[in-house]
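J.: Chain by chain, the residues run as shown.
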Amino acid sequence: MMRISSNTIFDSNVAALNQQQTRLLQTQQQIASGRRLLTASDDPVAATRALEISQADATNTQYASNRDSARNTLSLAESTLQAVTSLILDARDATIAAGNGSLNSSGRKAIATDMTARLQELTGLANSTDGLGNYLFSGFQSRTKPFVDTTAGMGFFGDDGQNLVQVAASRQMASSDSGADVFMRIKNGNGTFATQAAAPNTGTGVISSGSVANPAALVAGNSYTVSFSVAAGVTSYTVTGAPTALAPAMAGIPYVSGQAISFDGMQIDIKGAPANGDSFTVAPSANESVFKTISDLIDALNAPVVGANLTNSLGHGLHQLDNALNNVLTTRATLGLRLNELDALQIAGENMGLQFKQTLSKLQDTDYNKAISDLTQQNMSLQAAQKSFVKATDLSLFNYI
Amino acid sequence: MADLFTSALSGMNAAQLGVATTQHNIANASTPGFTRQQILVSSRAGQQTGAGFVGQGVDVTGVIRIYDQFLNTQVLQEQNQASYLTAYHSAIAQVDLLIADPDAGAAPAMQSFFDAMNAVATSPTSTTARAALLSSAQIAIDRFQAIDQSLTDMADGLTGQITGSVNTVNSYAQQIAVLNGSIKRAIASGQGQQPNDLIDQRDQAISQLNQEVKTTVLRQADGTASVFIGNGQALVLDEQAMRLQVIQSANDPSKVDIAYLNNGRTVVLQQSSLQGGKMGAYLTFRDQTLEPARNALGRVALGMAVSINQQNQLGQEPPPTGALGGNLFNEAAPRVDQNANNNPASGKPSVTIANLAGLTTSDYRLTFNGAGYTLLRLSDNTTTNYANLPQTVDGMTITAPAPVTAGDSFLIRPTANGARDIALVTNDPNKIAAAAPIRTATVANTGTGTISSGTVNAPPPPHANLQDTVTITFDTPTTYTVAGAVPPVVGAQAYVSGQSISYNGWTVQITGTRAVNDEFTIESNIGGTDGRNALLLAGLQTQTLMANGTASLQGVYGQLVGEVAVKTSELAVTSLAQDNMVAQTIAAQQAVSGVNLDEEAANLIRYQNAYQAAAKAMQIAQTMFDAILAINP
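Protein sequences appear in the order of chains Z and B. Just so we're aligned, residue 32 is where the first sequence starts under the numbering used here, counting upward by one. Just so we're aligned, residue 26 is where the second sequence starts under the numbering used here, counting upward by one.
Keep in mind that a hint or two might mislead.
Restricting the straight-line Cα-Cα distance to at most 25 Å, the calculated cross-link-like pairs of lysine to any residue (SDA-like) are [what the hints assert, rightly or not]:
# : chain 1 : residue 1 : chain 2 : residue 2
1 : Z       : Lys422    : B       : Ala612
2 : Z       : Lys393    : B       : Gln584
3 : Z       : Lys422    : B       : Ala608
4 : Z       : Lys176    : B       : Glu548
5 : B       : Lys280    : B       : Pro369
What the hints contain is simulated information worked out from the structure, not anything from laboratory work. Every value quoted in this text rests on a predicted model; they were computed, and no experiment measured them.
One chain only, chain Z, in its complex shape:
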């Protein structure tokens, strides 16, 4: 038979009451704070996991704000380039209108004045800022005005840098485009070579922009001159290449208006009646800025018409405006793709954030159903322990003697 010391009855009951009260308090705190994990040691695995997930969640939130910032800059660039597109289209319409043979010089001058205003507007657009004083198209030098008129034409003072923004854990997106790529580096001609009528031409010969007939036969870096001679009413032409001479040589070939002239894999045609001594050049495509294209057009419109010079200049300018338009549209397309990607990343990021929050909530938030049921149960057993304690300690033989 086990003897029980009177002290043990008190001690063990007090210990049991203490333990029950501790548990009750813990549950009560879980309910009051809404947190299942009051300290990390309540569930070390869950707590460490919660720490990692809340970091991932915070990083994800940061990426969302990075995306907002990138979206702002990209949308701003997109709307600027939209304005540039319509401006180039306007300039293109004006150029076509200027080609109308019925216009006199004052009519052309009016168009030139209009184009001058367009050019200024274009410069303004190219120098757009993001509202915080950062130029959109100056690359890394966001505080340097990128496009400034110089004696040598429009100068670019930014750089090729594309600012990157961390838009997702493993994706850095360019939030800007170099102004040089958008406005300056526009290949003239057809992208491989550019044709041009020489300035002093007096005839009505108009050269086409040409095309590449045989890419394999192209001689990189070579320039060509097509020069005309008119002898005894017969127009013939000679093609010379530099620095690599043409082989076989093309000299004294009779000219037929509109007939294809082919050499070194290229094909051009000249229409009209070139005068004796007129010449046309075919050179590898070089970069021409949209500013130069428009200002060249303005110069051509302001100059007196000699022979086909206006037609040639307008033809060249029109072609070049198309190139510029293509260039801007290409950039806008990449902007659109990036904005689309941002939207996709945004959805993915939001889903991930939701996932993080759910996991986090599972790990560290109180399950109220369970907690309240626990509380009721613990409350009941504490009350039972208290009542039974009183009953057990009330029993004493001393009550009867």
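Since the structure of chain Z is provided, determine the placement of chain B on it from the hints.
T.: Structure of chain B alone, referenced to chain Z:
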């Protein structure tokens, strides 16, 4: 006839002693350490008569304690373990609360810092974003320092607690020694009767002492108890108590050791010999939780300071200075302490941080034996021998002390001050080198080749000619010449698209079709206001820079939180279990030695009845005697 009186009187006496002992038990029912007492009675030998042996009453031969030595020893052991676990648990729970708090821990502060860095990367020209970054850096620093300060305060508090524990031990040792004397003399004068209550008091003192430090008790024939601690150091022998003392540690002036005073000699007790009890808990907590936690926190802070500084040095400050970046944070130097017993003329080894990945949270002891050095990693007791220094080990470079004497030893704590000494070295938002110092350009090329924007090679400092203009010219589509590189590059270099090209401390890649005479330039980004370097700075958050490239900064902080949490949870569970164990052993011990009031009540009635019966017997004897006297002859 007189025998009747004697016999009745002995019964009354015995019952009276029984009541007295019962009352003593009742009075001491809740006295700590009290063991219930009983009278030992035996019947007197009978007187031989013609009718046989007639009983002569009862004798009380002694008052004994009801006591089980085995159960008592078990209670001592369990209580020692319980007080160790409880003290350890309540100490570590503070650390657990401190570092894992979702609002006040270092994790959210580091997160805000990197968020702010991301904001700078996105808007490098925004002064507001830069100022916000500095302010969040300051908040992170404050957080590191506050946690470190709390840990240091705990360590200081522990020194007080250890001193208190040593004083308690000394005081109980003194009490035991005094009680030993009293007990010895009481036994001698009581002709072998045990002084029960003195023995209870001494056992209670031993039990209290045992909650401070683990003891071994030997009971001697003369009634005294010898108490030993540690590896058999006598604390109490007979009537003599030895003293423990708190002294400054020879290895580490910031810590205390416990020493044993014996005949004027001071012997430092090894921590391993002082296990169990509160004292063991304090020492274990200090050496195995608090210091590693401080080191781990220091490692996180140091990792942040060093990695941010290094990357900032690879960047460029915004205009107008456009200078190469410098340090943003103060990097804490490893702490080196000389052993107090070193030759006073000896120097200290100089220790510098060599790489973050190798750093551990351990402390190290470097000893010189006259011919070479031995480095002991204290966390796992790994030793490495070196014939000479400097050596780079575990992310630190140790340079030999000069002069050095054989037998010198040094305590090296690489990251201990990491969190305490982290600070911002600048308040200038423009010192954040958000831009990269170089940029690349292609202007008049006819090919479609593109060049990457270029990266600066780690580690800092950057190449002296980093920002010189270098031109890469393709003389054929597959070979290039380089102008401006230091040292100069002679001759054509073969090129493979996308391959890294590295000169003057930068690296670029060129991809796409290159035409003859295409030129790519790498030049100074002076005036640049991009956020390329800030992007790299922000990227440090997720890089596994620490723990041999296995964990990020926040990862190693998470490890610290996890380790402390696991230990705390383990202690919470084991200390609760141990408390229950103690309760059970005490219940078992009390079942033998404790007072049951019902039993005592029954005994009171029993002795009262016995007394009344004996008195009645006396009365009957009296009546019988009177009857004889009344006979009138």
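J.: Hints first: check each against the structure and report whether it holds.
T.: Against the structure, the hints come out as follows:
no.: 1; hint: Lys422/Z / Ala612/B; verdict: 20 Å, holds
no.: 2; hint: Lys393/Z / Gln584/B; verdict: 21 Å, holds
no.: 3; hint: Lys422/Z / Ala608/B; verdict: 21 Å, holds
no.: 4; hint: Lys176/Z / Glu548/B; verdict: 19 Å, holds
no.: 5; hint: Lys280/B / Pro369/B; verdict: 20 Å, holds
In this structure, none of the earlier numbered hints is contradicted; all agree with it.
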